[in-house]
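> First residue of the sequence shown: 385, per my numbering; consecutive thereafter.
I should point out that these hints are in silico values taken from the structure, not numbers from a laboratory.
Values in this document were obtained by computation on a predicted structure and should not be read as measured data.
Simulated pairs of lysine-lysine, DSS-like, Cα-Cα distance not exceeding 25 Å:
#  : residue 1 : residue 2
1  : K581      : K454
2  : K460      : K487
3  : K697      : K753
4  : K438      : K468
5  : K864      : K893
6  : K867      : K789
7  : K648      : K638
8  : K545      : K591
9  : K619      : K693
10 : K858      : K893
11 : K641      : K681
12 : K858      : K819
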Amino acid sequence: MPKLLIEIMTEILSYVEDDDINTLHSIILINKDWLQVGISYLWKKPFNVKYPFKNLYKIITIILFYIDEKQKNILKIKDLIPTKILFDYPYFIKQMDFNELFKLIKIWLNNNKPLRPNLERNHFINNNEYFIYDHSIYHTYSNEGQEILAFFESIFYIIIKRSKGIENLFIDINKNHYEKTFFIPNDYFSILFKGIKEDNRCFIGLKEFVCDGNFHKAFIIDKIKECSREINHLKIYPWENSIYSTWNDDLKSKNIKELLQIQKNLKSLTYSTVTNFGRDTMKGLKGMVQESLEIFKIHGDIITDDELKYLKKCKKLKKLSFILIDFNHPNNILTNIQYPELEIIEFTCCNFTRDALENMKVFIRNNGKNLKEIQLNQDLSRIPGILLSFSENCYNLVNIFVNIKDRNNMLLLLKIMSQCKNLQKIHVGCDGKPKFLADPFMNEFTHLCSSNLVELNISNWRISLNIFETVIEKCITFLKVLKISCDGNIKDLEIMVQIFSEFHGRILKGFSIQENNYDFDNLKLVEMIW
Numbered sequence: 385m386p387k388l389l390i391e392i393m394t395e396i397l398s399y400v401e402d403d404d405i406n407t408l409h410s411i412i413l414i415n416k417d418w419l420q421v422g423i424s425y426l427w428k429k430p431f432n433v434k435y436p437f438k439n440l441y442k443i444i445t446i447i448l449f450y451i452d453e454k455q456k457n458i459l460k461i462k463d464l465i466p467t468k469i470l471f472d473y474p475y476f477i478k479q480m481d482f483n484e485l486f487k488l489i490k491i492w493l494n495n496n497k498p499l500r501p502n503l504e505r506n507h508f509i510n511n512n513e514y515f516i517y518d519h520s521i522y523h524t525y526s527n528e529g530q531e532i533l534a535f536f537e538s539i540f541y542i543i544i545k546r547s548k549g550i551e552n553l554f555i556d557i558n559k560n561h562y563e564k565t566f567f568i569p570n571d572y573f574s575i576l577f578k579g580i581k582e583d584n585r586c587f588i589g590l591k592e593f594v595c596d597g598n599f600h601k602a603f604i605i606d607k608i609k610e611c612s613r614e615i616n617h618l619k620i621y622p623w624e625n626s627i628y629s630t631w632n633d634d635l636k637s638k639n640i641k642e643l644l645q646i647q648k649n650l651k652s653l654t655y656s657t658v659t660n661f662g663r664d665t666m667k668g669l670k671g672m673v674q675e676s677l678e679i680f681k682i683h684g685d686i687i688t689d690d691e692l693k694y695l696k697k698c699k700k701l702k703k704l705s706f707i708l709i710d711f712n713h714p715n716n717i718l719t720n721i722q723y724p725e726l727e728i729i730e731f732t733c734c735n736f737t738r739d740a741l742e743n744m745k746v747f748i749r750n751n752g753k754n755l756k757e758i759q760l761n762q763d764l765s766r767i768p769g770i771l772l773s774f775s776e777n778c779y780n781l782v783n784i785f786v787n788i789k790d791r792n793n794m795l796l797l798l799k800i801m802s803q804c805k806n807l808q809k810i811h812v813g814c815d816g817k818p819k820f821l822a823d824p825f826m827n828e829f830t831h832l833c834s835s836n837l838v839e840l841n842i843s844n845w846r847i848s849l850n851i852f853e854t855v856i857e858k859c860i861t862f863l864k865v866l867k868i869s870c871d872g873n874i875k876d877l878e879i880m881v882q883i884f885s886e887f888h889g890r891i892l893k894g895f896s897i898q899e900n901n902y903d904f905d906n907l908k909l910v911e912m913i914w
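With the hints as extra help, turn the sequences into a complete structure.
Next up, the structure:
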């Protein structure tokens with residue numbers, strides 16, 4: 385293939401998002417040249433996709449081609465696997481997402497169930513010698529549960545051994561999603577990582593690592609620590625329940641501290657102080673300065689001066705997030721913290737004492753001039769006066785995510801819109817319950833929507849059909865995304881959106897109307913993407 389042609393193709397593919405499987409799949413079907421160049425992009429992130437791709441589970445069939453013949457016989461898949469493969473597909477994989485991989489395995493097993501013989505009772509226990517994980521420990525598990533674990537193990541090791549390098553690793557098994565995780569033993573992932581020997585070279589170039597859920601993490605962290613020194617984005621949550629953390633998990637604060645100490649270019653750190661263990665870890669970090677840290681997210685129950693002392697030293701922070709935090713100390717250090725590059729601040733379900741809130745307002749005053757985005761994902765009555773503080777000190781906002789559901793806060797939002805002329809995204813709700821009757825304010829609101837605005841989500845407000853028409857007429861020329869809850873007949877709404885889109889030459893890429901599930905007659909949730 386001519387060199388120039390490869391460079392042109394590569395340049396074109398660089399504009400396609402890694403998780404846009406539909407587009408990448410279409411590209412490789414153009415001809416052999418596009419196939420040769422595009423296949424590595426298509427298989428870069430096979431477990432996370434941007435749009436629904438109903439046959440995605442078939443990648444499991446392709447990966448199973450590479451396991452040895454004995455395991456194929458044990459898994460009862462020999463007749464379902466192709467006899468020839470064009471590429472070394474696992475070589476291209478740069479991302480592993482355990483949740484998505486489990487999901488695809490379950491779909492694959494369900495779709496191929498009629499084509500495979502029934503397994504005898506204790507089938508995997510009787511064939512333990514072919515697996516790293518000892519299934520006999522959990523002999524009470526059903527054949528189906530052990531089968532999913534066996535398939536996951538086989539696929540996991542194929543990817544680890546054949547990949548040229550994993551850049552994104554998500555072991556994010558949500559402890560609340562029991563339908564996905566009830567069959568996963570606490571020590572399962574730890575034992576799989578113990579089985580990795582020389583193959584841990586595949587983690588040398590790891591850029592993003594997420595480790596969250598109620599399972600043993602210490603050996604996983606230590607294995608990553610052996611070779612990964614280039615992590616940019618790190619999220620680690622300890623076992624949520626402190627009692628079980630003591631009994632079942634051998635993760636220690638030194639595991640986390642040692643992992644952080646060897647990172648050369650850490651840009652994002654998400655951590656939890658929800659347990660005593662988590663708080664002890666933060667105390668251990670306060671003497672460390674991550675000069676390159678740009679994003680810090682802290683999740684937990686309280687925040688003390690120990691955490692804030694660590695934060696104070698991170699001078700290059702661009703995003704600061706507080707999630708489920710109780711500011712029940714005065715937190716006087718807040719008044720002395722200044723971040724010259726801070727652009728985003730987030731509060732999600734936080735509570736403040738009076739002193740802590742006043743100190744936070746001082747923090748906003750000291751750092752507000754550079755802020756580009758605020759995220760207030762909670763009831764504003766729990767942080768009274770915070771929106772006023774933002775309106776008085778932040779004149780360069782670009783994105784606003786705030787839960788507006790009363791007149792006073794609506795007036796403050798209008799004030800922010802009038803003084804921030806470059807707003808690109810406005811989201812006015814986080815709970816999805818359209819209770820606020822916004823009609824009296826919408827003429828002024830739409831008047832303040834500038835042509836810079838590309839995304840508007842006012843689905844948390846209740847809008848009449850007439851006001852819906854006003855919003856469409858005013859904003860359709862510049863918006864790319866509009867999400868709105870309004871009264872009206874579905875057919876009338878469809879016709880209105882189509883007429884305005886055609887009149888202004890806007891092509892609808894996505895359009896949906898749903899009945900809202902709350903206690904409002906005739907309320908529809910309308911989403912438009914141009």
